[in-house]
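Colleague: The lines below spell out each chain.
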Amino acid sequence: MSSKEWPLWEVFIRSKQGLSHKHVGSLRAADATMAIDNARDVYTRRSEGISIWVVESKMVSASDPKDSDAFFEPSEDKIYRHPTFYDVPDGISHM
Amino acid sequence: MTVKEALYTYVVRIADDSLILGQRLAEWCGHGPILEEDIALTNISLDLIGQATNLFQYAVTLEDKGRTEDQLAFLRVDREYSNLLLVEQPNKDFGYTIARQFYFDAFRKLFFEALTNSEDTQLAAIAEKSLKETKYHLKHSSEWIIRLGDGTEESHQRIQEAVNFHWRFTHELFFQNEVDKTLIELGIGLDLATLFDDWKNYVSNVLQQATLELPSHSFKLEGGRTGMHSEHLGYLLAEMQYMQRAFPNLTW
Numbered sequence: 001m002s003s004k005e006w007p008l009w010e011v012f013i014r015s016k017q018g019l020s021h022k023h024v025g026s027l028r029a030a031d032a033t034m035a036i037d038n039a040r041d042v043y044t045r046r047s048e049g050i051s052i053w054v055v056e057s058k059m060v061s062a063s064d065p066k067d068s069d070a071f072f073e074p075s076e077d078k079i080y081r082h083p084t085f086y087d088v089p090d091g092i093s094h095m
Numbered sequence: 001m002t003v004k005e006a007l008y009t010y011v012v013r014i015a016d017d018s019l020i021l022g023q024r025l026a027e028w029c030g031h032g033p034i035l036e037e038d039i040a041l042t043n044i045s046l047d048l049i050g051q052a053t054n055l056f057q058y059a060v061t062l063e064d065k066g067r068t069e070d071q072l073a074f075l076r077v078d079r080e081y082s083n084l085l086l087v088e089q090p091n092k093d094f095g096y097t098i099a100r101q102f103y104f105d106a107f108r109k110l111f112f113e114a115l116t117n118s119e120d121t122q123l124a125a126i127a128e129k130s131l132k133e134t135k136y137h138l139k140h141s142s143e144w145i146i147r148l149g150d151g152t153e154e155s156h157q158r159i160q161e162a163v164n165f166h167w168r169f170t171h172e173l174f175f176q177n178e179v180d181k182t183l184i185e186l187g188i189g190l191d192l193a194t195l196f197d198d199w200k201n202y203v204s205n206v207l208q209q210a211t212l213e214l215p216s217h218s219f220k221l222e223g224g225r226t227g228m229h230s231e232h233l234g235y236l237l238a239e240m241q242y243m244q245r246a247f248p249n250l251t252w
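From first to last, the protein sequence lines are chains A and B.
As numbered in the working numbering, residues 1 to 95 make up the first sequence, in order.
As numbered in the working numbering, residues 1 to 252 make up the second sequence, in order.
Fair warning: there could be bad hints in the mix.
What the hints assert, rightly or not - Below, simulated EDC-like cross-link-like pairs (lysine to aspartate or glutamate); rule was C-alpha separation at most 16 Å, straight line: (1) K65(B) x E27(B); (2) K4(A) x E154(B); (3) K200(B) x E213(B); (4) K4(A) x E69(B); (5) K16(A) x E48(A).
As the list claims (entries may be wrong) - Facing chain B, according to a computed beta carbon distance under 8 Å, are these residues of chain A, among others: (6) K22; (7) V24; (8) L27; (9) A30; (10) T33; (11) D37; (12) N38; (13) D41; (14) V42; (15) R46; (16) G49.
For the record, the hints were derived by calculation from the structure and aren't laboratory data.
Don't be surprised by glycine CBs; every beta carbon is placed ideally from N, CA and C.
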């Protein structure tokens, strides 16, 4: 049966103007049009979004968990890369 | 018949179509062919029941007998429902459900579009709100007609069968009597005959895209608008009305 299953799609929703699309989950659909329709029904029923992107899951390249040590650990002790030493003036939000 | 009586009947017709089709689609809850479609069908169901609520609320103010919208929805007997025969037809399978929905949505979109110009501002406002939902419903059912028609050999054959079957009920979409006549003269209701060509063109175009044949048989059934229903409505009402009948005045 698995060969008869529709392809898997990753769904990204933008919740409001100015924010970026965020990954919200995945679903199955025969093609992009159906994927967007399904995403509308499954993921925006409670006014979660104003824009939908879908990407076929097989098009996503992912980092290999085996590379985690080399990829991510080196940044853990580079505290100076975080801009945490600045005073944020009053009245600046979303920082 | 006074204008108010005509308007009441008119509003209840629209409400009954939405309510009964909403109830039919709700039967798909938990039974959809895939999760995504299960949610899509029940979303549409809720849209339709929401439309029915607005319309029944308006109807009871027109009737002015102290009834509530719930009493209209749940406590009438079958002969008092004026929905189309089309919308009470059983779901049978996904193809039959989509074919039924497709004919109805194609009509409803044109109907609500035209009704936004009604001289009755309340009716126009309800039409405008419902139109947005209906446009999506029509997109959904049209997409499925095309996919199933132009899909596999089996899906093509089965959706063609469903399209052929429901064709006999489409004539009633354009049913009119003295209720309509009264309201057309006042610019409140619309002459449904003016929608027919657009409806048929739209349906033909989508069926053509779907590589399906427009049914050619001329067998027609009607009666729903005047309370003469098929045997299926009684069973639907039994299920839909159970709670209000078993626990009168139940609310939540």
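Colleague: Are the hints correct? Go through all of them and say.
Modeller: Okay, the hints, checked on the actual structure:
With a C-alpha separation of about 32 Å, the suggested pairing of K65(B) with E27(B) is violated against the 16 Å cut-off. This hinted pair checks out: K4(A) and E154(B) have alpha carbons roughly 14 Å apart, not beyond 16 Å. With a C-alpha separation of about 13 Å, the suggested pair K200(B) and E213(B) falls inside the 16 Å cut-off, and the hint holds. Between K4(A) and E69(B) the alpha-carbon distance is near 46 Å, which puts this suggested pair outside the 16 Å criterion.
Taken as a hint, the K16(A) and E48(A) pair is honoured in the structure, with Cα atoms around 8 Å apart against an allowance of 16 Å. Restraint check, K22(A) versus chain B: the minimum CB separation of about 20 Å is more than 8 Å; hint violated. Below 8 Å, beta-carbon pairs count as interface contacts, and V24(A) has none with chain B, the closest being about 14 Å; its hint is therefore violated. At about 5 Å, the closest approach between the beta carbon of L27(A) and any beta carbon in chain B falls short of 8 Å, and the interface hint on this residue holds.
Of the supplied interface hints, the one on A30(A) holds, with its beta-carbon coming within about 7 Å of a beta-carbon of chain B, less than 8 Å. Hint on T33(A) holds. Least Cβ distance to chain B is approximately 7 Å, under the 8 Å limit. Hint status for D37(A) relative to chain B: holds, with the closest Cβ pair at about 6 Å, below 8 Å. For the restraint placing N38(A) at the interface with chain B, the shortest Cβ-Cβ distance is roughly 4 Å, inside the 8 Å limit, so the hint holds.
Look at D41(A): its Cβ gets to within about 4 Å of chain B, closer than 8 Å, so that hint holds up. Hint status for V42(A) relative to chain B: holds, with the closest Cβ pair at about 5 Å, below 8 Å. Against a cut-off of 8 Å between C-beta atoms, the interface hint on R46(A) is violated, since the closest Cβ of chain B lies about 11 Å away. Nearest Cβ of chain B to the Cβ of G49(A): about 15 Å, over the 8 Å cut. The hint is violated.
Checked against the numbered hints above, the structure violates hints 1, 4, 6, 7, 15 and 16; every other hint is satisfied.
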